[in-house]
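Chemist: Now for the letters of each chain:
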Amino acid sequence: MKLMRAIAGVGAIIAATVSSHAVGAAEDTIKVGVLHSLSGTMAISETTLKDTVLMMVDDINKKGGLLGRKVEAVVVDPASNWPLFAEKAHELLEKDKVAVVFGCWTSVSRKSVLPVFEQDNGLLFYPVQYEGEEESKNVFYTGAAPNQQAIPAVEYLMSKDGGGAKRWVLEGTDYVYPRTTNTILRAFLHSKGVADEDILENYTPFGFSDWQTEVSKIKQFASAGKKTAVVSTINGDANVPFYKELANQGIKASDIPVVAFSVGEEELAGIDTKNLVGHLAAWNYFESIKTPENAAFIKQWHAFVKNDKRTTNDPMEATYIGFKMWTQAVTKAGTTNVDAVRTAMIGQTVKNLTGGTAVMNENHHLSKPVMIGEIKPNAQFSVVWKTKDVVKGEPWSPFIAGGKPAAQ
Amino acid sequence: MTFVKIISVAFFLFLVATAWNNPAGAGDRPDFAGAVAALNSDDFDEKIKAVETLAALGDPRAVPVLQALLDSRLSAAEDGRLLYADGDVYRDAMDGQPVTGVDPADLSDVSANNRVRGAIEGAIGQLSLFDPNPEKRRGAARAVADSKSAEAVDLLQRALAQETDPATGSVMTTALAGLQLRDADRTVRLTAIHTLASSTDPTMLGLLERLQDGERDQAVRRAADQAISGIRQRIALIGIGAHLFEGFSLGSVLLLAAIGLAITFGVMGVVNMAHGEMIMLGAYATYVVQQCFRMWLPASAFDAYLVVAVPVAFLISGAVGIALERGVIRFLYGRPLETLLSTWGISLVLQQLVRTIFGAPNKEVANPAWMTGGIDMSGGFILTWNRLIIIVFCLVVLGALAALLRYSRFGLQMRAVAQNRPMAAAMGIRTGRVDALTFGLGSGIAGIAGVALSQIGNVSPNLGQGYIVDSFMVVVFGGVGSLWGTLLGAVSLGVVNKFLEPYAGAMLGKILVLVFIILFIQKRPRGLFALKGRSIEG
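Chains as they are written, first to last, in the UniProt record's numbering: chain B, 1 to 408; chain D, 1 to 538.
So that you can see chain B by itself, here it is in the shape it has in the complex (with noise of 0.2 Å):
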């Protein structure tokens, strides 16, 4: 009996730290740290970044290393936990005095580890698109600033070939990301000539799972005669029974189209997309875009996970980018002291794998190519709308009042 209590305790214990696997090794390896929820409702999207650093580290080891010596990644598990990731972030910086750090999804783990990056003078690559306001000295931001997703987008949706949209339904997960956002956005539409009478801005909770009457809400809206389009920054898991519902309620993307910014050809596995053709999303990468270098990028990938289904992303390419840019800095500074990569980093090129070059600018942010795709019946998307040129990533948003802080 007392065995199996113990047992039982002994269980739990292990459940709970059974995924931060820090591993001590030896000195002459080149540490990267792995930030990436493994655990909670984040897991769904960061593990596959997780996966992703681990496929670039091996192949830079087959290709001989880094300065001549063996990269190491060192994997923690912040278990979508935010003051947790701070925790792991100070384990990573003066435990294993790791060179670089790639993690982060959630701009409220961002927010969370910044101080921890900022006292440690520690090096973060953060791959995920996300609400700008923010430039910090030890992050280079390889996801899209809102000028490279959020504005083009509605832009589209504006025209004639999105529809001319003239009323807006903002829809979003409750925290900071997506209320910046739509502060951004509804600043946007104000300058276009868009009335507060025409904008519906509305959050739900993480997880959120019940959205009968938040859909219909969105139907009477959109009745009021004038086009109608949603923009949708609805995080993490709540999106699978969103799209069900909406199938479900007969909303047609030629009448009501939504345009997502955390949908990707991951998040669409989860879901049956054949009442949802047209539906949007925005990103700077779609897995569908034939280029020499996505073939082989997803071929890598295929041969990393040994498993043909799996899709890739828009962050992965972001993360793919930034370990490259990250190797390529360290080559030239002839170091990973952060303060020589981190100047070494700026000008850096990498060819996007849809296309062009992707540039670090000096504000640490990359210049990106901006894509509209549609979702297609086989949970693809393809690509109705392209800049033509990349554009430069901008954090501070010329539409709200804050701006950059005079002195860094």
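These are computed hints drawn from the structure, not numbers from a lab. Where is the CB? At the ideal position from N, CA and C, for every residue including glycine. There may be inaccurate statements among the hints.
If we take Cβ atoms under 8 Å as the criterion, some of the chain B residues that face chain D in the derived model are [as the list claims (entries may be wrong)]:
#, residue
1, A43
2, V350
3, K376
A short list of chain B residues far from chain D (calculated; beta carbon distances all over 10 Å) [stated by the list, open to error]:
#, residue
4, A86
5, P292
6, A295
7, A333
8, S367
9, P377
10, D389
Keeping only pairs whose Cα atoms sit at most 16 Å apart, straight-line, the calculated EDC-like set for lysine to aspartate or glutamate is [unchecked claim]:
#, chain 1, residue 1, chain 2, residue 2
11, B, K376, D, E46
12, B, K226, D, E209
13, B, K252, D, D71
14, B, K31, B, D58
Place chain D on chain B using the hints.
Modeler: Just chain D, lined up with the frame of chain B:
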């Protein structure tokens, strides 16, 4: 004489002009091929023009091609021919004949955007206004009303004249009235407003409101005002009905999640934090059954997978529940804190186990055809099939469980053990075995709930976490140990939540419900229905 001459000259000129307008000359439908080919144009404007040409030609051959483009099934072969996929075969877009020896790798998709799709829906509407199927004619009438094309009024009038089905006729009348709101003649506008005044369609409300903006005629304005306020009232009434349905639906989901807990926590008094994981196991069982059907059975049998999944999920979750009870929980009876901690630990172990086996990303569980879509009630309110079926299903599960407890020998033993263990043991009941089976039953029902929940939400390793708090809330609110309390608790929480949501928002609505429960528990610590049982004595 001169008059005749003028006429003949005019006639001659007319002939020349027609011939000039129609350079292709002899062919009966000269543009069909050209318009179909133009569907593959790079320019979306060209595509829309081609769609409109096809609609104007009135050729029924165009319908499957346009439908294919709408569903992203149309593709271009390397030689420029357009093919559309029809099940497993490819057909030529020009004549609908099957084409053999096509390698899908050589095909490139013909793309459409939402503007093209809107045009296609209008075009298909025009082409199928005279379709023999009344369902299609109704859809066509709605699509035509949206398409705003010039011929729409004319077409609808012709279709209405020969319509025999009254339901379809009334849809057409409404659609026609909607279009006639823009008529230049004020009497036509007035009649249209009167027709629409009895409608409950929010789209028509939108059209009337738009009419108000540009209308100068006072009489028309007044009539429109009246019509608008009448429609608004009716829509508000329907809205209350809709909220009630949504409340019942949320209540049924809460109830399904909570029934199993009403047994393990309610009857046995085990604080089972792993209850959510039993639901999750049921959802994954559904996924596995679905994959088996996809792999080994013909596609026609696929829709039945959900029926098979119910007993499978019950058995799997039930077996895990029994193992859990025999392996861990039975040593912890009467010690709620230790039970709470160890079941919570087990819940984490189960989550990680599922994550290791199936991977962290969500699994796609498709709704069978009989669970997609809904019945279109008036006022823009749609009774969705999946919600409706889940309400019925949940009542069936509850009824079956109540009958089992009330009428079966096992139910009798279960109640006896719950009420007085030593006495039940003295009567010769093997209490240990009853405990294991009761826990298995509660877990198995949680598994069944997982089958239903996989139809409306995510199937991911943390599926259960979202329901555990709600389940405890329902059971505590309804009264620990009482099935009817659980039913009433779930439904009232669902309805209150849904009536608060539109005014307070999803976040605040939920908080208000929680505050309400806290206050309620202060007044009635044992919930709506208090029962006697081991859980209260302990």
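Chemist: For every hint, state whether the structure bears it out.
Modeler: Against the structure, the hints:
Against a cut-off of 8 Å between C-beta atoms, the interface hint on A43(B) holds, since the closest Cβ of chain D lies about 4 Å away. Hint on V350(B) is violated. Least Cβ distance to chain D is approximately 27 Å, over the 8 Å limit. A least Cβ separation of about 5 Å between K376(B) and chain D falls short of the 8 Å threshold, and the interface hint therefore holds. Distance check for A86(B) against chain D: the nearest CB is about 22 Å away, which clears 10 Å, and the non-interface claim stands.
Once the 10 Å rule is applied to beta carbons, P292(B) is consistent with being away from chain D; the minimum gap is 17 Å. Here A295(B) stays apart from chain D, with its beta-carbon at least about 13 Å from theirs, past the 10 Å limit. In this structure A333(B) is separated from chain D by more than 10 Å, as the shortest Cβ-Cβ distance comes to about 35 Å. At roughly 26 Å from the closest C-beta of chain D, the C-beta of S367(B) stays outside 10 Å, upholding its exclusion from the interface.
A beta-carbon of chain D is positioned within 10 Å of the beta-carbon of P377(B); the least distance is around 6 Å. At roughly 20 Å from the closest C-beta of chain D, the C-beta of D389(B) stays outside 10 Å, upholding its exclusion from the interface. Our distance criterion of 16 Å between C-alpha atoms is broken by K376(B) and E46(D), whose separation comes to about 22 Å. For the given pair, K226(B) sits about 10 Å from E209(D) by alpha-carbon distance, which is consistent with the 16 Å threshold.
Pair hint K252(B) plus D71(D) holds up; C-alpha atoms about 12 Å apart against a cutoff of 16 Å. Annotation: proposed proximity of K31(B) to D58(B) holds, straight-line Cα distance about 13 Å (limit 16 Å).
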